[in-house]
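Listed below, chain by chain, are the residues.
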Amino acid sequence: MADLTSTFCGITSPNPFWLASAPPTDKEYNVRRAFEAGWGGVVWKTLGEEGPPVVNVNGPRYGAIHGADRRLLGLNNIELITDRPLEVNLEEMTRVKKDYPDRALIASVMVPCDADSWKNIIPRIAETGCDGFELNFGCPHGMAERGMGSAVGQVPEYIEMVTRWCKESTDLPVIVKLTPNITNILYPAEAALRGGADAVSLINTINSITSVNLDAFSPEPMIDGKGTHGGYCGPAVKPIAMNMVAEIARNPATAKLPISGIGGVTTWRDAAEFMALGAGNVQVCTAAMTYGFKIVQEMISGLSQYLDEKEMALSDLVGKATPNVTDWQYLNLNHVTKAVINQDDCINCGRCYAACEDTSHQAIEMSLDRTFTVKDDECVACNLCVNVCPVEGCITMKTLEKGDMDERTGKPVGDYANWTTHPNNVAAVSAE
Amino acid sequence: MTNSPLTPGITAGRLPEESYAAQFSDLHPVLDDHEALVAADRCYFCHDAPCMTACSTSIDVPLFIRQIMTGTPEAAAKTIFDQNILGGMCARVCPTETLCEEVCVREIAEGKPVEIGRLQRYATDTLMAKGIHPYTRAEATGKTVAVVGAGPAGLAAAHRLAMKGHDVVMFDARPKSGGLNEYGIASYKAPDGYAQKEVDWLMQIGGITVETGKKLGDGLTLEGLKADYDAVFLAIGLAGVNALRAEGEETDGVLDAVDFISELRQAEDLSKLPVGRNVVVIGGGMTAVDAAVQAKLLGAQNVSMVYRRGRASMSASEYEQELAASKGVQIFYNAAPVAVYGEGAVEEVEFEYTSEAGGSLKGTGETFRLPADQLFKAIGQTLDGAPEGIEITGGKIAVDAVGRTSIAGVWAGGDCASGGEDLTVTAVSEGRDAAEDIHAKLMEG
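First to last, the sequence lines map onto chains F and X.
Going left to right, the first sequence walks through residues 1 to 432 as our numbering numbers them.
Going left to right, the second sequence walks through residues 1 to 445 as our numbering numbers them.
Hint data in this document are derived by calculation from the structure and do not stem from the laboratory.
For every residue, glycine included, the Cβ atom is placed at its ideal position computed from N, Cα and C.
Careful: at least some of the hints might be erroneous.
With a Cα cut of at most 20 Å, we get these calculated SDA-like pairs of lysine to any residue [as the list claims (entries may be wrong)]:
1) X:K197 <-> X:E74
2) X:K176 <-> X:D200
3) X:K112 <-> F:A68
4) X:K112 <-> F:D345
From chain X, some residues computed to sit far from chain F (all C-beta separations above 10 Å) [said to hold, decoys possible]:
5) H47
6) Y135
7) K214
Sample of chain X residues at the chain F side, in silico, Cβ under 7 Å [claimed, not checked]:
8) D41
9) C46
10) D48
11) Y229
Assemble the whole structure, with the sequences as input and the hints as a guide.
This is the structure in structure tokens:
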């Protein structure tokens, strides 16, 4: 069984699976249960200033998107940071860290955007024995209206400034949690780096309205007839999160900045994908909120098995796919594939036909006896048939070898060539 | 002491009185909302869906299931009724395992089809429970149509004709409308008076007058109808029953299975309905299964179903055969009746084993006897009471693809007409299509 021990920006945990700062890490009771279940670390639910804590709504806090069989695909929340007194949280963190010294305990922090607020609270929290800090510049709802959370995360200068204050206040690692509610993730990531951040974590939740109550005509979750935008997370946001992780990982300026990957991690496979794109570890929330803490056992066994099968160490996995994330312009335009339908696996539902005939390239033939076959002279290899087919592996893409005839273009498959040298590209660079 | 399954002879009340309701309750209870959503989620929304093709009324199954999935079972019901106004009954009685569900791609993929029949029932029950009849009549045409027979074919035709604005008079020999839905199917397939509820719901279209106690040759003549109406639709079913052609067939206790089923369906109190301790049903169709299973449910100790050919030839589906077996009916294959024995009433039936070679059936010479207090014949029904001069083919009224008979102005559909299987759903499609053709003909001017 592969060793999953993870060291992330100097913080060691028995595995790379941390619980993200969120309701599952709100208090001692939950965190103890999480550690007992096997989680490698937790980012404690975001701490705020001393004094009267924030309050939460007393109506519903979550909205959801469901897939088939009501499987939860996306969750949105309007919950704020911890609504328990700072002192209570600090006492609980101290006790938990003492009892679980091998687990990572990270303090998530969000206080008003002035130097005193940050410089006062960071040393105080450090007394708990926590392993590091995560600066919450991400939450897009509620706290942002008060100039915190994503209101900071959307202004690179603020990120840099606050990160610097924190680095001046502690020797512990400082992780900056980024909001995806921006135009280009590299600006905030680079700002964090300039401010001295030891790592970034992303993504925080995405601004969203998950559904509208069509009787009351209000967004859900509905509070007394009104709704507000909330933070979207869960499996639905994973593609967005992975792109942002990859962008930071392949950007020369930030390539060495450790990344804690967050966003829809539900299984070991999701975690492996994030790590292959450059995340040093992952944080999980929605999957735990959907299925409970026990899922980490599948994540541990799955990732171990995968690493064993690949004969890789955990550290080998991190960034393994990063070099293969490129720009569109460098993709090989002479890589020609054709869809192939395996007739033994086909259940004749005809979804590939409907998709191709109605919305794509009319490249699938349907016979009177419902046999579906690909017309190679029409197939542009868009992959839509593969994606809509309900039987995994029934439709595959066959790669034509160099020299093979592409029946669609009537030309043999040539050598690697991309858009930068393509004759249709007016900005093409001469290949000579 | 009260009676029990062991009480000799033919007697009522073999079971504790309170158990009859449970015995004859819904075979497949209606899906609840959650179950319906889970079941609907499994549909792949196939292109040119095989289920739709397998349905003789061509219900748009993927569409109605998607409508259920999106929380509009009422719209789903409308999709069903547009094609099949008796979609509620068909959802209950259709042998879906040999029709839509047999060809479901998930049956092919996993051996577990989408539960189309139960989803159809969920949709139609939802709309009907709201008392909504989603159709209105077109402007009156002034044309009149006589529909003879108020079974599935007649009802479907009458509804479609009334919707088109014609005035319909529907005749039936029996005291109630519904035909086999009311008199001819097992009670657990449509409990709680569903057949009549459906008729009442259907009649909300208006423009249909029902006259019961009338049939051709008994109060009605085709000539008279042709003279009084602009068109005639015959949906008279198969009123005759095939003979056993076994010695002693006239013995008391030898009955038609359809009569037993009908009597059972109309019984006010099943605990008062007599049944034998030993019951033998001869035949291999759905009627045989319905009779055998219900005899067992009434408390008969031993019920046997005997079919002269092999399992594969049986017209009752595998599912129906398994249902019978699960209720304790013993099924004998490849045995034909030879003689019925009994002093005054049936006591024993003798069968000879058969073998099939090249399609022909031959006795093997080996015989066996089964004790029987009642012997139900379920070896097929025959056309009875067809008007004189009408062309008959294969024992049925000859019709073309749209139900026209050899006599101008006279259409026919359902079991009495040639073509198609003798199923409720087939009768509905034939009634509907004949109505469309009648309408087109009447509006020619």
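Task: Hints not upheld, ascending by number - done: Violated: hints 5 and 11.
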